[in-house]
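S.K.: Given these sequences and hints, build the entire structure.
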Amino acid sequence: MPLDLQNDYKVFDGLEDITIEGEAITGAYREDIFDLEAAPSEGVYLHRNVAWQLPTDQFPTPIGGIIPRIGQTIVAGGVTYTVLDVRHPFLNDYYGVATRRAQIESDLALSDKITRYPAISWLDEECSRIVSNAAADPGFTDVPGKVQDVSADHAEFMGKRGFTHLYHIYVDREIDLSHSDVLKDAHMNVYDVVSWTNRDRIDELSMIVAGTTGN
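Numbered per my numbering, the sequence shown spans residues 536 to 750.
Calculated directly from the structure, the hints in this document are not laboratory data.
These figures come from a predicted structure and were not determined experimentally.
A hint or two may mislead.
With a straight-line Cα cutoff of 20 Å, these simulated SDA-like cross-link-like pairs (lysine to any residue) come out [unchecked claim]: (1) Lys648 - Val585; (2) Lys648 - Val678; (3) Lys648 - Pro679; (4) Lys719 - His700; (5) Lys719 - Val682; (6) Lys648 - His722; (7) Lys648 - Asp567.
Beta-carbon label-pair distances, calculated as ranges [claimed, not checked]: (8) Glu709 - Ala671: 16 to 26 Å; (9) Thr608 - Gly674: 33 to 43 Å; (10) Thr699 - Gly606: 39 to 49 Å.
From the three backbone atoms N, C-alpha and C, an ideal C-beta is built for every residue, glycine too.
M.R.: See below:
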């Protein structure tokens, strides 16, 4: 009798209906990652990771439509996950899909509202460079963020900028700034942009280093 592992898959309890890129998939088996598994992995596994086993009979053969691919979106129980890795079927058993909840969870409460005022540069009649700042960038207005004071030797970071305070500003979005841009929070505190780093993973926040000249 030919070996067919596909039917064995269907004996699992607790199968779920999910979607991949909006396409319905029935009979998905969830394998949650718990803290005891995540802690020793040094960030490879997080408690918001979920591994799925997806039956092959839900996907076209030969490949010709929606099949699990890295970067796709899975929705299960109203929660959105991003596909990190795909294990293709072995002897037609199942697709193994590693995902991470596409919602940033952090100890930082993003309660501060950050607005960008982009820099405008031009030359005056004497060809001196003048920099001012435009009105609020409509694409970066009241972005949820968190402002944290930095305890550090500011001279190591600032060089000739002369800032008296440094701050880390965390935001839940991709960022593209200029060194002459100005940021303001909801209390109208003004921060001059020093540097910025986009997040490397979907569970991270982008970070801006900013300085002020206040006392």
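S.K.: Next, verify each hint and record whether it holds.
M.R.: For each hint, the structure was consulted:
no.	hint	verdict
1	Lys648 - Val585	violated, 31 Å
2	Lys648 - Val678	holds, 5 Å
3	Lys648 - Pro679	holds, 5 Å
4	Lys719 - His700	holds, 15 Å
5	Lys719 - Val682	holds, 10 Å
6	Lys648 - His722	holds, 9 Å
7	Lys648 - Asp567	violated, 34 Å
8	Glu709 - Ala671: 16 to 26 Å	holds, 19 Å
9	Thr608 - Gly674: 33 to 43 Å	violated, 23 Å
10	Thr699 - Gly606: 39 to 49 Å	holds, 43 Å
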